[in-house]
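Participant: For reference, the chains in residue letters:
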Amino acid sequence: MLVVRQLTKSYPSGGRTLTVLHDVSFTIPDGAFVAIVGPSGSGKTTLLGLLAGLDTPTAGSVLLDGAELGTLSEDARARLRGEKVGFVFQSFQLIPTLTAAENIAVPLELRGMRNAGVRARTLLDRIGLADRADHLPAQLSGGEQQRVALARAFANAPRVLFADEPTGNLDSATGDRIIQLLEELNRESGTTIVLVTHDTALASRAKRIIRLSDGAVVDDRELAA
Amino acid sequence: MSARWRDLARLAWRDSRTARSRLLLYMSAISLGVAALVAIDSYSANVVRSIREQSRELLGGDLSLSSRTAFPPSVDSLLDTLQRGGIPVGRSTTFTSMALVPHAPAPRLVQVNAVGPHVPFYGTIETDPPGRYAELQQGHTVLVDGSLLVELNAKLGDSLSLGSARFAIRGTLQNVPGDVGIASSLGPRVYIAEKWVPETKLLVFGSRAQYDALLKLPAGTDPKTVVNQHQPTIDSAHVRTRTVQDTERSLTYDIQQLDRFLGVVALVALLLGGVGVASAIRAYIEEKRDPIAVLRVLGATSRQVLAVYLLETGVLGLAGAVVGAILGVAAQMALPHVAAGVVPVTVVPRLEPRAIGTGIAIGVWVAVIFALLPILGVRRISPLEAIRHDAAGAPVRRILSDWPRLLAFVALAASVVLIAIGRAGNVRRGIAMSAGVGAALVLLAIAAALVARVTRRVLKEHWPFVVRQGLANLYRPANQTRAVMLALGFGAFLMSTLYLVQRNLLARLTASAVETRANLAFFDVQSDQVKSVDSLIRAARAPVLQQVPIVPMRIAAIGSRSVSDALHDSRRASWALRREYRSSYRDTLITSEKLVAGTWFNAADTAARSGPWPISLDADLAADLGVTLGDTITWDVQGVRIPSIVKNLRQVTWARFEPNFFVIFAPRALASAPQTTVFLTRVMDPTARAALQRAVVVHDPNVSTIDLALIQQAIDGIVDKVSIAIRFMALFSVATGILVLLSAVAAARRQRLREGVLLKTLGATRAQIGRIMLSEYTVLGLLSAATGLVLSLGGAWALMHFLFDSPFSPAGPPLAVLALIIVALTAGVGLSSSRDVFAETPMAALREQ
Chain A
4 MLVVRQLTKS YPSGGRTLTV LHDVSFTIPD GAFVAIVGPS GSGKTTLLGL LAGLDTPTAG
64 SVLLDGAELG TLSEDARARL RGEKVGFVFQ SFQLIPTLTA AENIAVPLEL RGMRNAGVRA
124 RTLLDRIGLA DRADHLPAQL SGGEQQRVAL ARAFANAPRV LFADEPTGNL DSATGDRIIQ
184 LLEELNRESG TTIVLVTHDT ALASRAKRII RLSDGAVVDD RELAA
Chain B
194 MSARWRDLAR LAWRDSRTAR SRLLLYMSAI SLGVAALVAI DSYSANVVRS IREQSRELLG
254 GDLSLSSRTA FPPSVDSLLD TLQRGGIPVG RSTTFTSMAL VPHAPAPRLV QVNAVGPHVP
314 FYGTIETDPP GRYAELQQGH TVLVDGSLLV ELNAKLGDSL SLGSARFAIR GTLQNVPGDV
374 GIASSLGPRV YIAEKWVPET KLLVFGSRAQ YDALLKLPAG TDPKTVVNQH QPTIDSAHVR
434 TRTVQDTERS LTYDIQQLDR FLGVVALVAL LLGGVGVASA IRAYIEEKRD PIAVLRVLGA
494 TSRQVLAVYL LETGVLGLAG AVVGAILGVA AQMALPHVAA GVVPVTVVPR LEPRAIGTGI
554 AIGVWVAVIF ALLPILGVRR ISPLEAIRHD AAGAPVRRIL SDWPRLLAFV ALAASVVLIA
614 IGRAGNVRRG IAMSAGVGAA LVLLAIAAAL VARVTRRVLK EHWPFVVRQG LANLYRPANQ
674 TRAVMLALGF GAFLMSTLYL VQRNLLARLT ASAVETRANL AFFDVQSDQV KSVDSLIRAA
734 RAPVLQQVPI VPMRIAAIGS RSVSDALHDS RRASWALRRE YRSSYRDTLI TSEKLVAGTW
794 FNAADTAARS GPWPISLDAD LAADLGVTLG DTITWDVQGV RIPSIVKNLR QVTWARFEPN
854 FFVIFAPRAL ASAPQTTVFL TRVMDPTARA ALQRAVVVHD PNVSTIDLAL IQQAIDGIVD
914 KVSIAIRFMA LFSVATGILV LLSAVAAARR QRLREGVLLK TLGATRAQIG RIMLSEYTVL
974 GLLSAATGLV LSLGGAWALM HFLFDSPFSP AGPPLAVLAL IIVALTAGVG LSSSRDVFAE
1034 TPMAALREQ
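The listed protein sequences correspond, in order, to chains A and B. First residue of the first sequence? That's 4 in the working numbering, and the numbers climb one at a time after it. First residue of the second sequence? That's 194 in the working numbering, and the numbers climb one at a time after it.
I should point out that these hints are in silico values taken from the structure, not numbers from a laboratory. All clues stand as given, with none of them false.
So the derived label-pair ranges between C-beta atoms look like this: (1) A:T61 with B:E1033: 15 to 21 Å; (2) A:S13 with B:I1014: 45 to 51 Å; (3) A:G131 with B:D595: 35 to 41 Å; (4) A:E86 with B:A606: 53 to 59 Å; (5) A:S144 with B:E1033: 28 to 34 Å; (6) B:D1029 with A:S13: 20 to 26 Å; (7) A:E86 with B:A607: 58 to 64 Å; (8) A:A219 with B:E1033: 27 to 33 Å; (9) A:S13 with B:A606: 56 to 62 Å; (10) B:I1014 with A:G34: 55 to 61 Å; (11) B:A202 with A:E86: 51 to 57 Å.
Taking lysine to any residue and the SDA-like style, the derived pairs with C-alpha atoms no more than 25 Å apart in a straight line are: (12) B:K653 with A:G120; (13) A:K87 with B:R959; (14) B:K724 with B:P736; (15) B:K653 with A:P140; (16) B:K653 with A:D137; (17) A:K87 with B:F1031; (18) B:K653 with B:I639; (19) A:K87 with B:G963; (20) B:K409 with B:Y326; (21) B:K653 with A:R124; (22) B:K388 with B:T434; (23) B:K653 with A:R122; (24) B:K388 with B:S285.
Heads up, the beta-carbon is just placed ideally off N, CA and C, and yes, glycines get one too.
Isolated chain A, as found in the complex:
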């Protein structure tokens, strides 16, 4: 469960303080599939960073399974991410010097899991990329890279998966395949999915849409199944 209470984030900018998020509150129950939408500059990415513990709020709190992220040290947040959080980025963010299998194994190995390599290859097999295990990211197509990124995000069986414009760099057919994978994982393993996008068609695949504008929640509604 992800609980957000009166979240505010400000940055010093050119001698002034720029408030990017004002007093945002909502709760995302386990197993939800939520899309956070809004135009450029509405504060989507900032909110995602705070939800995942990549950044700390100026005021308010984020509770992930009861742990208040703002009070944890950076390393404690890192450990929490390693255990409970998965990420998918618009530009894939694979480590360019690691092979596909090695990229997937990283979160497992950071937790000291044995046989991480074997598990990485199993995951690659599941996303249909078994034959690309030893390829570097630069040797993969955009769709393949995003599938590897998705496998990496799911390697640790996270409680929450954050996806930031996951189809932004892909053609529509490949993008659709990625979303199907997300839906499958949400349905089959009950992983909470938080999707950030400005693409309304993509957002409509979620079960709930939180709309941001100028750093505030302007709309929060469940979609009919």
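Here the structure of chain A is known, so what remains is to put chain B in place on it, guided by the hints.
Facilitator: Frame of chain A; chain B shown alone:
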């Protein structure tokens, strides 16, 4: 400047705006090399200029004649004739003796300078109290080096015995033109008037002395003409001549040799700096991919982009070189203090525009030529990258099919060779040096490739993740293994080679002392003194380790040709024909000798005979004399002709604390010839050693003694002085190595930062990231140090074997310490320059999209 170039220059200036200070830091890799070059060249130019200005003072006159024996009547009458013709002549005699002060525990070996009136004609010998040199001719007085007063615990006014004569100490020597300070550490100087020499009774049979006559020629007279006029007299008397020009030439030559050697070390620092610039520029271009892509979108041709970055490199290289020149001038001002006592002139530091200009020019050129290869990479940046980050640039082509890169590579290699030739002073040495540097770099590059390959093989799945991750960084794409190994390995190679050579040279002296176990020598013992010296040694309960007879002689003829005849033969070295030999006779080889040709003396050789006596020659001397086994040499032993036949050749290790000889006769051959004897003994207790020296010198004043501890101290002093100069230069290489390491780390910084941030996003703690980097840099440091050190074993062996003709023994523990320092340095520099990887928040991963 055309408008087009002006535009490009403006673009270059603006482009560098955000990175100028960082780029300047990388350019400081060049600065240190330039500083070293400028310092050495300026200092050497200062010294050469000072020598030119002070050369008459250095010689003390316009022309000097010198001989190892007292001048024969022919030379004496020549000097009288010259003097009557209005040419002032001054005389001096230099020899070693024991000096003794009544209450001092031990006598001290000193260099006695017995000078006649008017010597020197030029320059002044400064004393404390001032003006005492002028009074030297008046009474039984001496002037001594201040160090002698300390060693003998004496003061002004005390009486000092030299042989049978006594003198009052009137003052200390402050400055003697032409005397190198360290020379006096072997034996402090003592000045007396020449007229007292007979009274000392020190110059007896077999004593070594140098007899000099100094001439002051009328202004405008060329000393060479005077020499040419009297050449036959001079030649037949075995007298050497020296003019002001000779002094100047030989001193200048020595200084230039030192300059070349130190210059090579400086050049290595500069080349290392070049490697640093190359990796810094590579990192810079990588960072500039986006702006370059944008420039390309806006219509800039790849040639224009190339010109922009070349301009930036040139200007920054110039700035780096100018900073280096300023540093170099500062170091030049400090060098006279470092080198005090090594150089025979008073060096006045002056700016040397030529040295500064050359240093800056070479610096800029090295910066540009090394930067050229990475700068050519801008051609491959596609304008598409401006709109798509993942758009790949043009693929890297093989260097052979990419002519601009090939050309840049050839220009780089040619520049290195040309600069090396310029520095080394001749083509062969220049090529040998670049080949040596090249070979070391190629071997390091091969080692780096091997490291990458082997690491990939040995990495095991069950190793801890952070270790595997760190080690895998050694072979993964865009790794810094080669750059770091080149920089660090080369620095380690240089430092360690210098250290090993120095250590082996010193060890050679100490080892010989251990082998002979002698620590005290008595020499110039006359035949009638052998018994008394022997009994004094035994009375002190000390062993006589060696008792060696010495017979002075000259070559009279080789085969049927007289020496003067043989001198015309270009195959024979004139020094070997002219010199006085101090030979010995015995029936066994000693430990410092190895038979290399022929057979050793047998019973028949030692029996009385009428024909030529068998002799053993030093193999190198035989080569210089142009003789081999079976050839005959006739010797002049105090006027008696002794024929000999070469029976065998020996290889002699000269640097041992025991008497070694060019020529050994079979026993009996010289048994009845006039001779002196050397005794070697061992007395461990310093007080007892001093007492024995004192007893012998009091009983037989002409006998000289050498205490090995003092010799070792003196040699250590000299080696220390020289090694300070070398270390001073090596320091530039090491400092450059650190800068190169910094830029190599910076080259991979962007990638490291991105990786670090992503790892954090995926749950890595800072400690985990730190451990990954630590394992990478530790292994890099360890492998660089190991490779450099192993190479240095080869390099030092080669230097000892080919240059110093000595055996080589490696030194384990000090090298291990050096390796540890390098590893610590690498890990320290690597981690501290990766601080931003720790500091960057994972939010950057989201923002970067």
